[in-house]
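Q: Below, each chain spelled out in residue letters.
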Amino acid sequence: MNLFSLWRRRGSAPVARERLQILLSYERSARGESNLLSILRGDILAAVSKHLTIDQDNIVMRMDRDATLSTLEIEIVIPHAEMKLAAS
Amino acid sequence: MAKVVVITSGKGGVGKTTSTAALGAALAQAGKKVAVIDFDVGLRNLDLVMGAERRVVFDLINVVQGVAKLPQALIRDKRLETLWLLPASQTKDKDALTEAGVAGVIKEMRGKFDWILCDSPAGIERGAQLAMRFADAAVIVTNPEVSSVRDSDRIIGLLDSKTQKAEKGERIEKHILITRYDPNRALRGEMLSIDDVLEILSTPLLGIVPESEEVLRASNVGSPVTLSNPASPPARAYADAASRLTGENVPMAIHSERRRFFGKLFGRAA
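Protein sequences, first through last, are from chains D and Z.
Residue 197 is where the first sequence starts when you use the working numbering, and the numbers rise one by one after that.
Residue 236 is where the second sequence starts when you use the working numbering, and the numbers rise one by one after that.
Pulled out of the complex, with its shape left as it was, chain D reads as follows (with noise of 0.2 Å):
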C-alpha cells in the first residue's frame, strides 16, 4: 500500500455518494418520477449526440443535491478527429 492508495481509499465515500446520486437521478425518472437534472442530461446528451458520437469513456457526468441546489456539470472529452468530422 503505498500514499496513494491511502488516498484513493479517503476518496471512496465521496465516489460512492456521486454513483448514487447519478444513478438514482436516472431511476426515479425510469420509474415516471419526474427529475428536472435527469430531463436536463438527456436533453443535452441528445442535442450534443447530433454534431458528434459519444463514447461513454468521453463523458464525465456530476450531479449534486443539497437543502438548496442542485448541480449538473457534464464533461465532454472531444477528440481532434471528431471535430474534423463535425465540421465537414
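Rather than coming from a laboratory, the hints here were simulated on the basis of the structure.
Backbone N, C-alpha and C define an ideal beta-carbon position, used for all residues, glycine too.
Take these hints with a grain of salt, some might be off.
If you only want the chain D side, here are some residues facing chain Z, beta carbon under 8 Å, derived [unchecked claim]:
1) S208
2) A212
3) R213
4) L216
5) Q217
6) L219
7) L220
8) R227
Please build the complex by placing chain Z on the supplied structure of chain D, with the hints as guidance.
A: Below, chain Z alone, put in the same frame as chain D:
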C-alpha cells in the same frame, strides 16, 4: 387504535428482523402494548431472533386461513408482558397470504395493540408489498453502502405508490434507520456519512445504530438487543429510535463504546 409500522429495506441482510425485534421490545419496555408480525413466509426468523422459536404453534397464514384464531397464534414474550409475536409460516405456499386475509388480521389487531410492527421480507415482490400494504408509517432500514441505499430508494418509491395510504392520496410517514454505521470509517471518508444517505434519500432520520458485536450476541441468545444489554450502544440507539417513533423529541446521537466508557468513568466519579 394501533399504529401500524412496516420495517422494510428492499435489500436483505441489512437488519430488518433485528430492528423489528429491538424496536418492538423497546416500545414494550416503554410500557406500550406491541405486536410484531413476521411477514417472511417460508423464511421466518423473527421467532428465532426473539427466542420464541420453540413456542410457535400457529402462524400468520393459519390465522388468515381461519385454521387458528388470532389469540391462539400470538406468542407472548417471556420477558416483556406487553410484547407479542405473530410468527410467519415456515412451510406453506407464499400465495396463501392474501391481501384480504392480511387486511382482516391487521384490522383485528388494530383494536388490541398500541403498536404493530410488520417485519417485511427482502425484495420488492408480493410479500414485501403485503407487509407494507396497510402501514401508517415505514421504517426503512439502510446500511451506509451503495446497494442498500439504492434499494431503499426503490422501496421509498413503492411506499409512495403501493400502500393503501398512498392510494388514498394520503402520505405515509417514512423514517430512515441507519444500521451498521461505523462513525470512524465515515469520518475517514471510507463510508457514506449520515448526511450523504439522508440527502440522497431525502427522508428524515429515525436513528443511527452503530456496528456492534452486541447485535450478533443478542441474536445468538434469542433476545432483542434492548433486552440482552440495554446499556450497549445499539440498544440505546434502538431505544432512542423507538422514542422518536412515538413522537418524542430525542436529540440525535451516535452511541459508541468509547463514549460509554467515558460515561462510566464520569458516572463513577460523580
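Q: Checking each numbered hint in turn, tell me which of them this model violates, lowest number first.
A: none
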